[in-house]
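Chain A is fixed; fit chain B onto it per the hints.
Protein chains: 2
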Amino acid sequence: MAPAGDNVVVSKMKLERMLSMKGGKGEASYVNNSQAQAQHARSMLHLLRETLDGVRLQSPPDFPFVVADLGCSCGSNTIYMVDVIIQHMAKRYEAAGCDPPEFSAFFSDLPSNDFNTLFQLLPPYGGVSMEECLASNNHRSYFAAGVPGSFYYRLFPAKSVDVFYSAFSLHWLSQVPDVVLDKRSTAYNKGRIFIHGASESTATAYKKQFQSDLAGFLRSRSKEMKSGGSMFLVCLGRTCSDPTDQGGAGLLFGTHFQDAWDDLVQEEVVEADGSFIVNKLEVFRGGSPLVVNHPDDAAEIGRALANSCRSVSGVLVDAHIGDQLSDELFSRVAMRATTHAKELLEQLQFFHIVASLSLA
Amino acid sequence: MAPAGDNVVVSKMKLERMLSMKGGKGEASYVNNSQAQAQHARSMLHLLRETLDGVRLQSPPDFPFVVADLGCSCGSNTIYMVDVIIQHMAKRYEAAGCDPPEFSAFFSDLPSNDFNTLFQLLPPYGGVSMEECLASNNHRSYFAAGVPGSFYYRLFPAKSVDVFYSAFSLHWLSQVPDVVLDKRSTAYNKGRIFIHGASESTATAYKKQFQSDLAGFLRSRSKEMKSGGSMFLVCLGRTCSDPTDQGGAGLLFGTHFQDAWDDLVQEEVVEADGSFIVNKLEVFRGGSPLVVNHPDDAAEIGRALANSCRSVSGVLVDAHIGDQLSDELFSRVAMRATTHAKELLEQLQFFHIVASLSLA
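Keeping their order, the protein sequence lines are chains A and B.
Using the working numbering, read the first sequence as starting at 43 and increasing by one per residue.
Using the working numbering, read the second sequence as starting at 43 and increasing by one per residue.
Do not take every clue at face value.
Identical chains share a label here; the pair holds if one copy fits it or two copies do between them.
Unchecked claim - In silico DSS-like links for lysine-lysine, alpha-carbon gap of 30 angstroms or less:
#, residue 1, residue 2
1, LYS249, LYS225
2, LYS225, LYS384
3, LYS265, LYS225
4, LYS133, LYS322
5, LYS133, LYS201
6, LYS133, LYS265
7, LYS384, LYS67
Source of the hints: derived by calculation from the structure; they are not laboratory data.
This is chain A alone, in the form it adopts within the complex:
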């Protein structure tokens, strides 16, 4: 447990080893709190398919067609999206009159991700024997592997991946900028755990961190992507240009989310890197993170907000203040949210930025 005061004391290396969505299968687990992410991802399927239509079919298909989900977490969303991608590509091969290649999918996240839960959700491989396929109507048609590591560095061999997919992950920075923790710096965030309402210097420090992280991400992917491949990225965005107004995301987490992509991706980092061209960039109203059965039940909304929040930030919070205080914290979050249920349901809207990139 970290000392009180400066709350954000996890070093970069430690952050890489511990950050994850909440594992297991409990009430606040990511598995049981990722319905909103599922809905949001599905609402962008037409944009994903557009990106996939631009991917070059390898001919003759001597090598496997390789898909990688970066920041896959441990729920069934990643399996669903990989299925969508592979089925779409298999249809394209069929339509082009080619034999489909073998497909291979890599599920990547930090080493602290609950890969055990993910692997148990994966249907067994059914591509080999007909008995296997027939015995189970729930099989997968691709080879699967989990890749533990930070996507700000290299994860895959050179020129080995056809399609990169990453949704709602690039807002997790590699570290809290050092100056934000330095009491002598103008960027010092006074021990607070969120950027919402912070000073301009603090915002700039986070923006620089994001730029440097995104540059590392793009540099690594540009080496790993096959010629003719594509990358489909979905990020949390803002509608307001002020990074210290975190809008919907601020209401939910009040924690560090990245600067809007429209200026960063388009004008700065991507162009500076020079490896990629932006095929598409779109801000997209993603909807509410709260998926509830009874919109009039304030207590359900309160619980949904607390669980949603804990499923993505709980591992960090537990590490900082311990399990017991964390229980107390999130039960208070639920209580407070219950008293503001109606306005939360109306105002809590996520905006997503969708980017489709290919090698320049």
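Relative to chain A, chain B alone:
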């Protein structure tokens, strides 16, 4: 929990989803009970290196050099062996005056394996930035991925793996043969959980299962191996030709271990498959599975035997009789072993069969 009586009631599909070494980091975990496997594996390094010297160097090295450990479990042994293999190959590239390729390692085991523990033992990737390498004297020089699935089926894309390594895993059959559970069959094993001392029909049923499993294993690997690649297999063996005398292994587990390889591999399954040639086949005195600090301390030997046994068979035993009865069972194993400590330490010797195969 399964009903008493017929103890072995786990179906094939269920066995594939649940079999594993004991995960986590407790007293009976595999992580804390795999020192013997480590010693035994290290005693065979010279044979492994011989196999690696026969692997073709790809030139020019456009593609990654790929190593796969099948049945890796979750301890540090697999990381050690993969390091040995990659370092040996890197030296061979250097000695041949070639730039080394990128290296990629796949750690494969059933989906129930504790991949989380394995991934947390993996050092971070240090091949990209010099700072990363310097900041940590404990980094890895290869891309790593975990592959959940049964090695009796396909796990990897065609022609994608240079070196397969598998130690102490192929004795885990894909299922208990149906006839062994069938009261009307002559092969019925009367509800017993081990083959040691069983009838000839029972032994034949297990032998057939092993042959069919091994055939599936070889068929899959022959598709996945790159031309010029090699496979290094280590199995538990017997010195006696009677499969119902399980010798050292019988003393430890009294459970199903496969028929000796010398007739199976050489004369039957490998030749029938036709894809592979056997470069080397050697029976090897592997040593005792008991690693103790005080060979005169009977209680330590008793605990070591019970922990060693539980680390590899505990997951199955827990599933059959529940955690509480399992605790009781293994504490009785420890007590009985304590009273026979001296003779166990002398007689409990494993014999290993080492096979080195390449494509025909």
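A quick look at each hint next to the structure:
In this assembly of identical chains, LYS249 and LYS225 lie within 30 angstroms of each other by CA distance solely inside one copy; the values are 19 angstroms within and 71 angstroms between copies. In this assembly of identical chains, LYS225 and LYS384 lie within 30 angstroms of each other by CA distance neither inside one copy nor across copies; the values are 39 angstroms within and 65 angstroms between. In this assembly of identical chains, the alpha carbons of LYS265 and LYS225 never lie at most 30 angstroms apart, being 39 angstroms within a copy and 60 angstroms across copies at closest. With identical chains, the CA atoms of LYS133 and LYS322 are at most 30 angstroms apart within one copy only, with a shortest distance of 23 angstroms there and 45 angstroms across copies.
For a Cα distance limit of 30 angstroms, the shortest separation of LYS133 from LYS201 qualifies both inside one copy, at 23 angstroms, and across copies, at 24 angstroms. For the homomeric pair LYS133 and LYS265, the shortest alpha-carbon distances inside one copy (27 angstroms) and between copies (25 angstroms) are both at most 30 angstroms. Only within a single protomer do LYS384 and LYS67 lie at most 30 angstroms apart by alpha-carbon distance; the minimum there is 28 angstroms, versus 46 angstroms between protomers.
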